[in-house]
Amino acid sequence: MYAKISIIMFLIFISICTNFANDKHAKGSIAGLIIDAETKLPIIGANIFIKDNVFGAASDMTGAFKISNVPVGNYVLQFEYIGYQPVIKTDIIVRSRRVTFLQVEMRVSALESDEIVIHAGYFQKDDEQANSSIEFSNEEIRRAPGSAGDVSRILMTLPSIAKVNDQNNNLIVRGGNPIENTFYIDNIEIPNINHFPNQGSSGGPIGLVNVDFIQDVTFSSGGFSVLYGDKLSSIMDITFREGNRSEFDGQLDLNFTGFGGIAEGPLFSDKGSWLFSARRSYLDFVVDVMDVGSTIAPVYGDIQGKCVYNIDSKNKIILLGIFADDHNSPDQETAEKNLMAHYGTQDLYQTTIGLNWRTIWGAKGYSNTSIAYTLNYFNEDFYETTTGDYAIKNRSQEQAYKFRNVNHFRINEAHTVEVGICLKYLIENYNNWYASTVNDIGNSVPDLIMNEKIKGYKVGGFLNYIYKPFSNFTTNLGVRSDYFSYNQNNTVSPRISLSYQLTSKNTI
Numbered sequence: 013m014y015a016k017i018s019i020i021m022f023l024i025f026i027s028i029c030t031n032f033a034n035d036k037h038a039k040g041s042i043a044g045l046i047i048d049a050e051t052k053l054p055i056i057g058a059n060i061f062i063k064d065n066v067f068g069a070a071s072d073m074t075g076a077f078k079i080s081n082v083p084v085g086n087y088v089l090q091f092e093y094i095g096y097q098p099v100i101k102t103d104i105i106v107r108s109r110r111v112t113f114l115q116v117e118m119r120v121s122a123l124e125s126d127e128i129v130i131h132a133g134y135f136q137k138d139d140e141q142a143n144s145s146i147e148f149s150n151e152e153i154r155r156a157p158g159s160a161g162d163v164s165r166i167l168m169t170l171p172s173i174a175k176v177n178d179q180n181n182n183l184i185v186r187g188g189n190p191i192e193n194t195f196y197i198d199n200i201e202i203p204n205i206n207h208f209p210n211q212g213s214s215g216g217p218i219g220l221v222n223v224d225f226i227q228d229v230t231f232s233s234g235g236f237s238v239l240y241g242d243k244l245s246s247i248m249d250i251t252f253r254e255g256n257r258s259e260f261d262g263q264l265d266l267n268f269t270g271f272g273g274i275a276e277g278p279l280f281s282d283k284g285s286w287l288f289s290a291r292r293s294y295l296d297f298v299v300d301v302m303d304v305g306s307t308i309a310p311v312y313g314d315i316q317g318k319c320v321y322n323i324d325s326k327n328k329i330i331l332l333g334i335f336a337d338d339h340n341s342p343d344q345e346t347a348e349k350n351l352m353a354h355y356g357t358q359d360l361y362q363t364t365i366g367l368n369w370r371t372i373w374g375a376k377g378y379s380n381t382s383i384a385y386t387l388n389y390f391n392e393d394f395y396e397t398t399t400g401d402y403a404i405k406n407r408s409q410e411q412a413y414k415f416r417n418v419n420h421f422r423i424n425e426a427h428t429v430e431v432g433i434c435l436k437y438l439i440e441n442y443n444n445w446y447a448s449t450v451n452d453i454g455n456s457v458p459d460l461i462m463n464e465k466i467k468g469y470k471v472g473g474f475l476n477y478i479y480k481p482f483s484n485f486t487t488n489l490g491v492r493s494d495y496f497s498y499n500q501n502n503t504v505s506p507r508i509s510l511s512y513q514l515t516s517k518n519t520i
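Convert by adding 12 to the 1-based position in the sequence shown; the result is the number in the working numbering.
Hint data in this document are derived by calculation from the structure and do not stem from the laboratory. Beta carbons are placed, not taken as given, at the ideal position from N, Cα and C, and that holds for glycine. Hints are not guaranteed to be accurate.
Stated by the list, open to error - Simulated crosslink set (SDA-like; lysine to any residue; CA at most 25 Å straight-line):
1. Lys175 / Arg155
2. Lys283 / Ile383
3. Lys349 / Asn180
4. Lys467 / Gly374
5. Lys414 / Lys349
6. Lys52 / Asp64
7. Lys326 / Arg155
8. Lys243 / Leu460
9. Lys78 / Asn65
10. Lys243 / Thr230
11. Lys436 / Gly374
12. Lys326 / Met73
13. Lys436 / Val471
14. Lys480 / Lys414
As the list claims (entries may be wrong) - Derived CB-CB ranges, DEER-like:
15. Arg507 / Ala309: 22 to 32 Å
16. Thr487 / Gly454: 34 to 44 Å
17. Gly57 / Phe415: 31 to 41 Å
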């Protein structure tokens with residue numbers, strides 16, 4: 013007990029010391045990379061301004077820039093280059109003696125006359141994205157009221173999205189099922205982004221993704237591109253930021269989700285970077301130290317990491333790793349006092365390891381190719397609260413080997429083609445038992461034993477054509493085909509979308 017009190021006091025002490033250090037060294041830096049959104053090639057000589065400030069810079073031959081000795085605070089940056097649409101980035105937080113890294117993508121501006129004024133916008137939208145897409149930065153997620161830094165909870169306030177309850181991150185998008193939501197991080201599909209994942213669903217009570225890792229999040233609540241399939245309701249595409257390529261950085265965290273730390277630094281000089289974090293919940297410490305009644309605190313933790321290495325100017329490799337372990341063990345007395353139907357033990361594990369290779373073909377396009385392995389392991393035993401009888405045994409192991417290739421080819425300013433393929437090999441082991449019971453209408457349901465190993469594969473291919481005859485009009489024509497070996501079913505999905513921008517604030 014005294015050891016746990018010491019840990020809590022130590023974390024509070026470190027937080028106080030960190031605040032004093034920030035006051036003493038109240039300057040930081042902003043660095044980043046500016047690239048063409050269509051080709052991923054660097055933009056040389058782009059101008060960077062800090063709005064309402066004298067600080068600024070220009071991108072070098074590699075598209076990189078750095079603004080040093082910036083006072084700690086919250087800034088708005090504007091990026092400009094002739095022939096490109098200006099970009100504005102808000103909520104750029106400069107921290108003491110730290111480097112804030114940005115990756116900015118600029119889009120070619122279609123000049124339709126000899127005399128035209130291009131105004132910078134606060135919101136950028138990809139041509140292939142549906143109008144129902146919305147983008148968030150990590151700072152918007154971090155400070156959103158009620159989200160507690162959880163990327164899923166910020167979405168619950170959006171139109172067309174409903175939540176199952178306040179205790180869970182299950183999202184009901186346009187009346188769909190919570191299982192019909194997909195998550196991607198750096199072109200790698202993630203089965204679930206929550207601690208204590210609900211089996212057969214995409215939700216859980218506590219967010220897994222570290223908000224300090226996030227560069228941006230794009231959420232599409234329907235009408236998404238043929239690049240994504242196998243789900244019907246929504247797509248969440250997350251991009252993790254890169255680590256610091258110039259120096260080692262570290263920080264300690266103590267917040268609602270737990271305590272932990274982040275470390276980052278250069279990899280092979282300036283050829284790459286690494287980013288690593290580890291977190292653990294602390295509620296079990298609080299419950300043991302303080303008298304909070306009949307409460308059993310769950311224990312959960314996670315490790316996340318990203319390594320980036322530039323083979324050359326046109327080839328980049330990204331290694332992504334996410335691991336989570338969750339444990340909960342309420343006893344019968346606690347279950348009775350909290351009106352729980354069951355009590356028992358839960359030991360849940362999630363693992364995702366993936367490698368993404370991005371290659372630039374030249375001035376015409378690029379491709380992203382990823383391979384990944386995911387594992388979800390469920391070890392659960394539940395008992396009836398009223399009788400103490402054994403009710404549920406769950407020993408499940410769900411594995412997947414994944415391959416995904418997306419190619420983006422820009423023919424000219426008006427015509428763009430996207431083509432790709434995705435493969436999944438699934439291995440699922442179930443050793444489950446469910447006791448006999450009486451359902452809600454009074455009928456007896458016999459006990460169920462499931463002891464089975466299932467193997468199968470999914471294959472998907474897609475082709476998307478983007479036609480933009482005018483700067484304010486975009487057409488997306490696409491077709492996708494998906495085959496699942498388990499039911500030997502092939503599905504063809506044609507998709508079309510038209511987008512017309514009436515004004516800077518209104519789009520049909």
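Hint check results:
1. Lys175 / Arg155: With a Cα-Cα distance of about 20 Å, the restraint between Lys175 and Arg155 holds, given a limit of 25 Å.
2. Lys283 / Ile383: 22 Å, holds
3. Lys349 / Asn180: 21 Å, holds
4. Lys467 / Gly374: Status violated; Cα separation ~40 Å.
5. Lys414 / Lys349: 45 Å, violated
6. Lys52 / Asp64: This hinted pair is violated, its Cα atoms lying about 30 Å apart.
7. Lys326 / Arg155: 36 Å, violated
8. Lys243 / Leu460: Measuring from Cα to Cα gives roughly 29 Å; hence the hint is violated.
9. Lys78 / Asn65: 15 Å, holds
10. Lys243 / Thr230: 16 Å, holds
11. Lys436 / Gly374: 30 Å, violated
12. Lys326 / Met73: Distance ~14 Å between Lys326 and Met73 Cα, so the pair holds.
13. Lys436 / Val471: 7 Å, holds
14. Lys480 / Lys414: 33 Å, violated
15. Arg507 / Ala309: 22 to 32 Å: 46 Å, violated
16. Thr487 / Gly454: 34 to 44 Å: The hinted range 34 to 44 Å is violated for Thr487 and Gly454, with Cβ atoms some 56 Å apart.
17. Gly57 / Phe415: 31 to 41 Å: At roughly 38 Å between Cβ atoms, Phe415 and Gly57 fall inside 31 to 41 Å, so the hint holds.
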